[in-house]
Structures are given as structure tokens and as C-alpha cells.
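Student: Below are the chains, spelled out letter by letter.
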Amino acid sequence: GEDVEQSLFLSVREGDSSVINCTYTDSSSTYLYWYKQEPGAGLQLLTYIFSNMDMKQDQRLTVLLNKKDKHLSLRIADTQTGDSAIYFCAETELSGGYQKVTFGTGTKLQVIP
Amino acid sequence: DTAVSQTPKYLVTQMGNDKSIKCEQNLGHDTMYWYKQDSKKFLKIMFSYNNKELIINETVPNRFSPKSPDKAHLNLHINSLELGDSAVYFCASSPTSWGRAYYEQYFGPGTRLTVT
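In order, the protein sequence lines correspond to chains R and A.
Residues 1 to 113 (my numbering) make up the first sequence, in order.
Residues 1 to 116 (my numbering) make up the second sequence, in order.
No wet-lab data here; the hints were simulated from the structure.
Think of the CB as a built atom: it goes at the ideal place given N, C-alpha and C, for glycine as much as any other residue.
Treat the hints with care, as some may be off.
Stated by the list, open to error - Simulated DEER-style distance windows between Cβ atoms:
#: 1; chain 1: R; residue 1: D54; chain 2: A; residue 2: N79; range: 47 to 53 Å
#: 2; chain 1: R; residue 1: P39; chain 2: A; residue 2: A3; range: 17 to 23 Å
#: 3; chain 1: A; residue 1: S65; chain 2: R; residue 2: I112; range: 20 to 26 Å
#: 4; chain 1: A; residue 1: R100; chain 2: R; residue 2: P113; range: 39 to 45 Å
#: 5; chain 1: R; residue 1: T25; chain 2: A; residue 2: N26; range: 44 to 50 Å
#: 6; chain 1: A; residue 1: N79; chain 2: R; residue 2: E5; range: 20 to 26 Å
#: 7; chain 1: R; residue 1: L61; chain 2: A; residue 2: S80; range: 26 to 32 Å
#: 8; chain 1: R; residue 1: V19; chain 2: A; residue 2: N62; range: 16 to 22 Å
#: 9; chain 1: A; residue 1: N79; chain 2: R; residue 2: D16; range: 28 to 34 Å
#: 10; chain 1: R; residue 1: Q44; chain 2: A; residue 2: E58; range: 35 to 41 Å
As the list claims (entries may be wrong) - Using 25 Å as the maximum straight-line C-alpha spacing, the simulated BS3-like pairs for lysine-lysine come out as follows:
#: 11; chain 1: A; residue 1: K71; chain 2: R; residue 2: K100
#: 12; chain 1: A; residue 1: K71; chain 2: A; residue 2: K19
#: 13; chain 1: A; residue 1: K52; chain 2: R; residue 2: K100
#: 14; chain 1: A; residue 1: K9; chain 2: R; residue 2: K70
#: 15; chain 1: R; residue 1: K67; chain 2: A; residue 2: K22
#: 16; chain 1: A; residue 1: K22; chain 2: R; residue 2: K36
#: 17; chain 1: A; residue 1: K52; chain 2: R; residue 2: K36
#: 18; chain 1: R; residue 1: K36; chain 2: A; residue 2: K41
#: 19; chain 1: A; residue 1: K40; chain 2: R; residue 2: K36
#: 20; chain 1: R; residue 1: K108; chain 2: A; residue 2: K71
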């Protein structure tokens, strides 16, 4: 569960769609997560997907999972300035029976008005 | 009501000093964590406790010593601070972390540690 990779930066115009990509490493992850970190704050869970699903939609958010390629993506429709933040994907692995979460490198989303 | 709180929010200290960061959660969770976020925003787990028992201990210098007096509190003591310890330290909690079920982690606001 090392080196969960994300592109570092994404810039979009308000109203456009944003797609944030993540490549994870642990194929046994049962759940994969997306967290959001606003400036000066801790992380907050945005959404998650169970590993036997290919897609999950939650209002403006769509999560796509390609288990074969270990690729996870987060699409934000109609991106707003309030969506500007750092987005972290996260995979899970078991360590001694307990779940250990490994966060990705983070993608900073900048929304231009 | 604050769910996961940390004190202090900012900590500026000199190399060689010893300092502590405190964390408390009022969510009734069994599991608590310490994470370190560096200047590039990379977030790495340091320790995890479940019901006061250490369950995850990543490769962290032994100058870092966590202590969990009860399951609502997880403190982090750092001895002989070094420049490289400068980072934002986040505490988090989750209902539990046993098995493969879904768990949301709740994060505190972070403690920005600056070592000069």
C-alpha cells in the first residue's frame, strides 16, 4: 500500500467538469475513498466506493473504479469555486486484522471564476 | 460541538526542545490516529490506537511517542525536535478499524509545528 499516485494540480473554469485521477497499489482494498481538504483544515470524507462496484454517483460526484488497472477517478460536475481544495484518494489494506488507510499524494483543484 | 479537537493549533519551538500535542474526540470512537502532513501536502500515517492499544506503528523515529490515556484521547510527545519535524500534524478518529468494513475517518483541524 505505498505510493498511491495522483497528479498534483488541476485547474478548471467554474461550471466545467473536473476529473481527478488516482492510481492505487493494493488490489485487495475493499473500499476506496475520496477525501477533501480545504485550506487550513483537516480532511473530510467526500465519497467512497466498494471494490465490487465500477461506478458510484452521488449528486455532482461520480466515482469510477477500474480494478484491472487499479485506477480510481473522481468527477465533479458543474465545478464551483467552493470546490477549490486538495483532494486525496485513499486505499485500504489490512495490517494485523486492522484496516490501514494509505492516502494518495493529493491533487490541488483550482477553480477559476 | 467539536468532534475531534487538537491543541495547540500552532506550535513554534527551537531545535532540541521537547513538545506535546493533545487530541481529544467526543464521538465515542474506538480508533484514533496521528498523521503527518509535510510541506508538499503528503499525508502519512504515524500511529494508530484502538481502545488504548497501539495497532499501527509506522517507521517513525523513536523521538515520537504516542500516549493514549483513554480511548477518547491520543497525545503525541516529541523529544529533541529537529528541523525536519516541521509539518502539520493531524489527529483523526474512526468508529473502529477492525476488518474490511467501511470506516470514515474524522480529522481534527491540525497542529502546525514549526521548528527553528
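Student: Would you mind marking each hint as holding or not holding in the structure?
Tutor: Going down the list of hints, with the structure as the test:
no., hint, in the structure
1, R:D54 - A:N79: 47 to 53 Å, "48 Å, holds"
2, R:P39 - A:A3: 17 to 23 Å, "20 Å, holds"
3, A:S65 - R:I112: 20 to 26 Å, "45 Å, violated"
4, A:R100 - R:P113: 39 to 45 Å, "42 Å, holds"
5, R:T25 - A:N26: 44 to 50 Å, "35 Å, violated"
6, A:N79 - R:E5: 20 to 26 Å, "34 Å, violated"
7, R:L61 - A:S80: 26 to 32 Å, "44 Å, violated"
8, R:V19 - A:N62: 16 to 22 Å, "42 Å, violated"
9, A:N79 - R:D16: 28 to 34 Å, "49 Å, violated"
10, R:Q44 - A:E58: 35 to 41 Å, "23 Å, violated"
11, A:K71 - R:K100, "18 Å, holds"
12, A:K71 - A:K19, "22 Å, holds"
13, A:K52 - R:K100, "17 Å, holds"
14, A:K9 - R:K70, "37 Å, violated"
15, R:K67 - A:K22, "39 Å, violated"
16, A:K22 - R:K36, "23 Å, holds"
17, A:K52 - R:K36, "28 Å, violated"
18, R:K36 - A:K41, "12 Å, holds"
19, A:K40 - R:K36, "16 Å, holds"
20, R:K108 - A:K71, "34 Å, violated"
Checked against the numbered hints listed earlier, the structure breaks hints 3, 5, 6, 7, 8, 9, 10, 14, 15, 17 and 20; every other hint is satisfied.
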